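Peer 1: Going line by line, the protein sequences match chains S and Z.
Using our numbering, the first residue of the first sequence is number 1, and each one after it goes up by one.
Using our numbering, the first residue of the second sequence is number 1, and each one after it goes up by one.
No lab work stands behind these hints: they were computed from the structure.
Note that the structure is a prediction, hence the values are computed from the model and not measured.
Errors might be hidden in some of the hints.
Residues of chain Z clear of chain S, computed beta-carbon distances all greater than 12 angstroms [claimed, not checked]:
(1) Glu-3
(2) Gln-17
(3) Glu-18
(4) Ser-27
(5) Leu-46
(6) Ser-48
(7) Asp-63
(8) Ser-66
(9) Arg-69
(10) Lys-78
(11) Ser-87
(12) Leu-111
(13) Leu-113
As a list, the in silico DSS-like pairs of lysine-lysine whose alpha-carbon atoms are at most 25 angstroms apart [stated by the list, open to error]:
(14) S:Lys-22 - Z:Lys-42
(15) S:Lys-22 - S:Lys-77
(16) S:Lys-22 - S:Lys-69
(17) S:Lys-69 - S:Lys-58
(18) S:Lys-77 - Z:Lys-42
Note that CB positions come from ideal geometry on N, CA and C, so glycine has one too.
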Amino acid sequence: AQSVAQPEDQVNVAEGNPLTVKCTYSVSGNPYLFWYVQYPNRGLQFLLKYITGDNLVKGSYGFEAEFNKSQTSFHLKKPSALVSDSALYFCAVKGTGANNLFFGTGTRLTVIP
Amino acid sequence: EPEVTQTPSHQVTQMGQEVILRCVPISNHLYFYWYRQILGQKVEFLVSFYNNEISEKSEIFDDQFSVERPDGSNFTLKIRSTKLEDSAMYFCASNPTGSETQYFGPGTRLLVL
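Construct the entire structure; sequences and hints are all you get.
Peer 2: Dropping the structure here:
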């Protein structure tokens, strides 16, 4: 069975500070991990993914995430937050051979000017 | 940049009525999906579709739901007899062969009264 945990419903960070949005997962086999962002009244936009290879993956808008197999985590990070980063962030996982993405409950990021 | 499009953006219907939600996946993509997001909750998988047939479906996708690719560009989700609890944002997604990344449309907000 697949599961994704985003332990924080809300993350607040000051503009210019580093941000982290946490995600842990459980899946059979090797995980395929994704981050999506949802702006108000918009669809889900793909940010980045980990499939294989380097544990640190870089994505859109300066975001990056680090795959940690031993901790089964895939935290989203950005060195310097922008007010425009304020949105709802979803972590998702797909198991090997599965078709569908399994999403976490989302974390609302608010960047304070 | 090619995008998944969905119509309508909003739909209001009476309980018991049939609705058809339409999606145009990205043109060279072969895998198609429907997800839904009940207000304030996480995104949930409904169904995946490949080679003109359903490849996987969730327990949410019961007999009142059906999907169809009526022509070379559209992918539709039909809800035969809507219930109040079908009120949600419905997202279509697609991905090409050889990529695990699913690209989402902007969604259709369905309200069942």
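Peer 1: Starting from the hint list further up, note which numbers the structure goes against and sort them upward.
Peer 2: 1, 5 and 6
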